[in-house]
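Undergrad: Taking the hints into account, I'd like the entire structure generated from these sequences.
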Amino acid sequence: MSPQPGAVAIERLTASEAFRRALEIATQNAEDVDRRARFPSEALDALRSAGALGWCVPQKYGGAGARVDELADATFELSRQCAATGMIFAMHQIQVACLVRHAAHSVWFENYLRRVVREQRLIASATSEVGVGGDVRRSIAALESVTDSSSDLIRFEKKASTISYGAHAEDLLTTVRRSPKADPGDQVMVLTHLSETEVKQTSQWDTLGMRGTCSPGFVVGATCPPDQVLPVPFATIAAETMVPFSHILWAHVWLGLSNEAFSRAQNFVRAQARQNPGTTPPTALRLSELSVRMAQFRALVQSATNEYLSLADGPGRSGLSTIGYAVRINNLKIAASEAAVETCQGALRICGFLGYGNAGPYSVGRHLRDAHSAALMIANDRLQATNAALLLVHREGR
Amino acid sequence: MKERIQKIVRENAGLGAHFEEIDSSTDLYRAGMTSYASVVLMIALENEFGVEFPDAMLNRSVFESIDAIAEALESLQQVEQ
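Protein chains in written order, with our numbering: chain A, 105 to 502; chain B, 427 to 507.
Hints were generated in silico from the structure; no laboratory data involved.
Virtual Cβ for every residue (Gly too), placed ideally from N, Cα, C.
It is possible that some hints are incorrect.
[Claimed, not checked] Pairs of lysine to aspartate or glutamate, EDC-like flavour, derived with a Cα cap of 20 angstroms: (1) A:K285 to B:E446; (2) A:K285 to B:E447; (3) A:K164 to A:E174; (4) A:K285 to B:D449; (5) A:K285 to B:D453.
[To be verified] Stretch by stretch, here's where chain B covers chain A in the computed footprint (C-beta under 8 angstroms, at least three residues): (6) 416-428; (7) 484-494.
[As the list claims (entries may be wrong)] Label pairs and their calculated CB-CB ranges: (8) A:L389 to B:V477: 47 to 55 angstroms; (9) A:N215 to B:N473: 50 to 58 angstroms; (10) A:R402 to B:E429: 48 to 56 angstroms; (11) B:V505 to A:S367: 48 to 56 angstroms; (12) A:S395 to B:S501: 43 to 51 angstroms; (13) B:G442 to A:V234: 19 to 27 angstroms; (14) B:H444 to A:P335: 22 to 30 angstroms.
TA: What follows is the structure, encoded as structure tokens:
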């Protein structure tokens, strides 16, 4: 690891030599990570060496102060090589963004953000819970004060149905009810160090795709000072940061893996064309159709990223809490997750059995399997049901 | 106006017995109003007062409390007059 992992030139983070190295390492390990459903530790070490885990932290705390579009670029590049690595990178940045945008004025979190940069700490999140039917905006677990303690400590225990890279992170950001009496929707977020958290793995992670994210279920329990609770209600954090950041960065994961599948299909068509110079192979037409779909996919993701950038930090920030924005950001997630499967499937049709394999230059098996996770991460049906209700009052027509 | 709003909140915000504990400044979301219930409430308010909330007003803070709803409705009715 380089001596000053946080000290990164701000211009073009993804152009840095250290990030290029991380991309190479992600590429080299992608197949093995997928086959063995193991954590991409080599790529994460390389990202730490590039200081990438602190990119979202403001410069005044030693980070790079990266904006969502810069983080999205990095997510895209990583996901072309290894979507699991890209997703882990994305999820970490989402957690950091929640802290930066909603807790940076608290002394405890200021110091914590400095530590994220200095120690390149990886943050996982426990927002899912057994028993709430997949609704992250409701919690069963609650903060309680510790009665047998002279200092004022709080504790919680939560049965999380999935925690991505939960066994490989340094810290955990968990949603819980504000107090044992609070309603299910009255949630806050609490950051705890996994070294001080009781963690019991409750299920296995042996899945169709996204195997390297290592996302089994856990029961987590922690005791900490109340300073480690984010000062803003989770409802605000979700609307202004967690939901838009998640959907934008996830969409870049899916765009990245689809882009790679498209490139492989393109290479396949070119190889066919070289075998019969002077004739256009029949697959070329399919590739042309697929490039139309890719263009739509890119435009969708870019316009959502630009809209968020235009609102996120300026006077438009309150616009993020409108029903119209909620509808649009949910639409991004639904449309991008569907586009990912369609484009990978299109690439598979072109590459045929060489694409169906799990190895080789024309293989798109991993990409297609990874893409199928997209519709399930915050189930599209749940988002459709939410939008169905919101559209009863939203009338802007966008 | 506040009494009419109160009645609509009682019937539509899905607060159940919690409704008896709130006053006009209570945060309805913290009192247990879900985002789905807030949509139902918005529609009921539009019907009752014969207004349409523009998209910019369809955000959490506008429907946060009975006071906030009254303020929003007043500003809408002023525009119409």
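Undergrad: In ascending order, which of the hints set out earlier in this document are inconsistent with the structure?
TA: Those not satisfied: there are none.
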